[in-house]
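Chains as they are written, first to last, in our numbering: chain A, 20 to 332; chain B, 305 to 634.
Check the hints yourself; a few may be wrong.
Covered stretches of chain B, going by a simulated chain A footprint (3 or more residues, C-beta under 8 Å) [what the hints assert, rightly or not]:
| # | segment |
| --- | --- |
| 1 | 346-360 |
| 2 | 385-397 |
| 3 | 461-471 |
| 4 | 536-549 |
| 5 | 571-577 |
| 6 | 594-607 |
| 7 | 612-624 |
DEER-style ranges, computed between Cβ atoms [unchecked claim]:
| # | chain 1 | residue 1 | chain 2 | residue 2 | range |
| --- | --- | --- | --- | --- | --- |
| 8 | B | GLN492 | A | VAL50 | 40 to 50 Å |
| 9 | B | ALA320 | A | SER236 | 13 to 23 Å |
| 10 | A | PHE313 | B | VAL369 | 16 to 26 Å |
| 11 | A | SER317 | B | GLU532 | 33 to 43 Å |
| 12 | B | GLN582 | A | ALA119 | 31 to 41 Å |
| 13 | A | ALA97 | B | PHE546 | 29 to 39 Å |
| 14 | B | LEU324 | A | ALA187 | 19 to 29 Å |
To be clear, the hints were calculated from the coordinates, so they are not data collected in a lab. Just so you know, even glycine gets a beta-carbon here, dropped at the ideal spot from N, CA and C.
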Amino acid sequence: MTGLAPAATTPDLAAGREQVSRTARRERPRVGLTVVLGIVAVLWMVPAIGLFVTSFRTTTAAQTTGWWTTLGDLFGDAWTLQNYGDALSGATSGTGVSLASGFLNSVAVAVPATVLPLMFSAFAAYAFTFLEFRFKEGFFAVIVGLLVVPVQIALIPVLNLYREFTEATGIQVTGTYPAAWIVHSAFALPLCIFILRNYMSTLPVALIEAARVDGASHFQIFWRLVVPMSVPALASFAIFQFLWVWNDYLVAYIFIGNAAPVLQQGLLGLLGQYNQGWNLVAAGSFIVLVVPLFVFLSLQRFFVRGLTAGSVK
Amino acid sequence: MQQILSVLVSVVGGLAVSFLIYLGLNWVVGRTTGRTHARLLPYVFLGPVLVLLVAFLLVPVAQTVWTSLQVTDQYGLESFGGLANYTSLFTTPSFVDTLINNLLWILVVPALVVVIGLLVATLADRLGAKREKAFKTIIFLPMSVSFIAAASMWTFIYAYNAPGQPQVGLLNGIWTAVSGAGPVPWLQEDGFRLNSFLLMAVVVWLNAGYAMVLLSAAIKAVPEETVEAARIDGATERQAFFSVIAPQIRTTIVAVGITVLITVMKIFDIVFAMTNGQFTTNVLGVEFYTQFFSFNDPGKASAVVVILILAVVPVIVYQVRTYREQEALR
Numbered sequence: 020m021t022g023l024a025p026a027a028t029t030p031d032l033a034a035g036r037e038q039v040s041r042t043a044r045r046e047r048p049r050v051g052l053t054v055v056l057g058i059v060a061v062l063w064m065v066p067a068i069g070l071f072v073t074s075f076r077t078t079t080a081a082q083t084t085g086w087w088t089t090l091g092d093l094f095g096d097a098w099t100l101q102n103y104g105d106a107l108s109g110a111t112s113g114t115g116v117s118l119a120s121g122f123l124n125s126v127a128v129a130v131p132a133t134v135l136p137l138m139f140s141a142f143a144a145y146a147f148t149f150l151e152f153r154f155k156e157g158f159f160a161v162i163v164g165l166l167v168v169p170v171q172i173a174l175i176p177v178l179n180l181y182r183e184f185t186e187a188t189g190i191q192v193t194g195t196y197p198a199a200w201i202v203h204s205a206f207a208l209p210l211c212i213f214i215l216r217n218y219m220s221t222l223p224v225a226l227i228e229a230a231r232v233d234g235a236s237h238f239q240i241f242w243r244l245v246v247p248m249s250v251p252a253l254a255s256f257a258i259f260q261f262l263w264v265w266n267d268y269l270v271a272y273i274f275i276g277n278a279a280p281v282l283q284q285g286l287l288g289l290l291g292q293y294n295q296g297w298n299l300v301a302a303g304s305f306i307v308l309v310v311p312l313f314v315f316l317s318l319q320r321f322f323v324r325g326l327t328a329g330s331v332k
Numbered sequence: 305m306q307q308i309l310s311v312l313v314s315v316v317g318g319l320a321v322s323f324l325i326y327l328g329l330n331w332v333v334g335r336t337t338g339r340t341h342a343r344l345l346p347y348v349f350l351g352p353v354l355v356l357l358v359a360f361l362l363v364p365v366a367q368t369v370w371t372s373l374q375v376t377d378q379y380g381l382e383s384f385g386g387l388a389n390y391t392s393l394f395t396t397p398s399f400v401d402t403l404i405n406n407l408l409w410i411l412v413v414p415a416l417v418v419v420i421g422l423l424v425a426t427l428a429d430r431l432g433a434k435r436e437k438a439f440k441t442i443i444f445l446p447m448s449v450s451f452i453a454a455a456s457m458w459t460f461i462y463a464y465n466a467p468g469q470p471q472v473g474l475l476n477g478i479w480t481a482v483s484g485a486g487p488v489p490w491l492q493e494d495g496f497r498l499n500s501f502l503l504m505a506v507v508v509w510l511n512a513g514y515a516m517v518l519l520s521a522a523i524k525a526v527p528e529e530t531v532e533a534a535r536i537d538g539a540t541e542r543q544a545f546f547s548v549i550a551p552q553i554r555t556t557i558v559a560v561g562i563t564v565l566i567t568v569m570k571i572f573d574i575v576f577a578m579t580n581g582q583f584t585t586n587v588l589g590v591e592f593y594t595q596f597f598s599f600n601d602p603g604k605a606s607a608v609v610v611i612l613i614l615a616v617v618p619v620i621v622y623q624v625r626t627y628r629e630q631e632a633l634r
């Protein structure tokens, strides 16, 4: 999700204004349309519902009847919570991957891989907005060009880089959390710098100049003025980046792998064993989904704002 | 317990070290004065970013191109082979299938995502505010689902058991009940690339909500007067949409299309988790993985990535050009 293209308007604000003038026209109940869209909504939910229902079924039940047959006979099925326990502990899965430990690994990867690129990008965006230096426009054009570079290009060269580093210093990098942090950070930088610079260039320059006159250094202005004022943009990108990293499989698998498998890797392991029962895969999927769903539902507004800023502005 | 502790230590440690880098840089530059100071100061802010971008994005591009020119022999030794990897790839029939699949993906998925997103946004816009919000949340929800979790949801829908066995996959449940015919191994049916289209459906399901949210915001930003004026002049709803609303949201449509296009070009997880590229569903992202991890052939794997980069170049050029035009207007 790293595209961008121009649009002169800020849809967020405009949407609020239009809302008022349109409600008058919306009074009609529109039963037909509601039914049609209702059916679409149900269809959209079916993949999740199927898995959710299955996650509470026993292995035998999940292997012998379709999940939809239980909807007519809610009390006839033997419901169980054991799948969640098994998936978390890794008890019955052949891979022995415990999603509880995967959960911790995902936290250890996702938190720094969200905070670090934000910090790096905020510093860089400040330089691009408020400082003068040679090749400023050129540097920024390169960053815009890097927005869409696929992560696959980095995998082999960075694995080699880490290996050379280990040979030179004796410090193991591949298989540790920082190995993934750095790659996630580097690939988040272009979009994050782009969004933050766009946001910072809307801040009042007079305020920053006044602080300069009062003798504040750029470092102080950055921490005391610009960062606090940029919180809305920082928050939107943080949510976005967190979901991205939490849901990533490839980078975590290649740079950390079996040394500390993250949730996505654990779930893929379960999926490979689905002949042992869909019920376990289903429970695993919902363990993987808990955090993103919570973040998403509670912070949906910021998330939408971040998307709009990244893609439309 | 021990794991929690080690997670805490690495997270706090990693963040602290990164912050200290900036503090250290600032301290060093703070000891200089005058013109040197003014000249060095921007690099306190930019330095770490430049290092990361050069070491992890720019240099790897050059290295990948170089590695793609190396051939690996049966003993795992590398030597310069010119374009040997590329000719070998392009003369393999299965690789040509892979390219065709990628082409199908980038033609079908962005178009479908935009059309569905536009349709849903336009229709939902006519409902009351409450129903609109509830409906949009449901369509948008898959945005938070990871590719791997989506793959497990949909593998379950497409699941196949031998005839006579109970069918637990929804699609075969419906198919056997409605048609009376035997169950179909959906993900193995490559006639007309049916299985690739079934995989595309998953990505459309994941991304339609994203398109809907952005397009809906753009539609709401269209001045009501322009639509009203068209209605007064006797335009039908359809005419009003295509002649008044569509031109005004064109940039957003392009932006959404490009974003999805890029996601789809490097698509990996869905295909990897659901079919592993078998049954003629292979795509470049999975081919890279197979060449590198299964065949231990970094040269060919890099050649696959170079092909991927070449495919992205037009988009990069477009992005930089749009950015320059925008800057000129500032």
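Of the hints given before, which are not true for this structure?
-> 2, 4, 10 and 13
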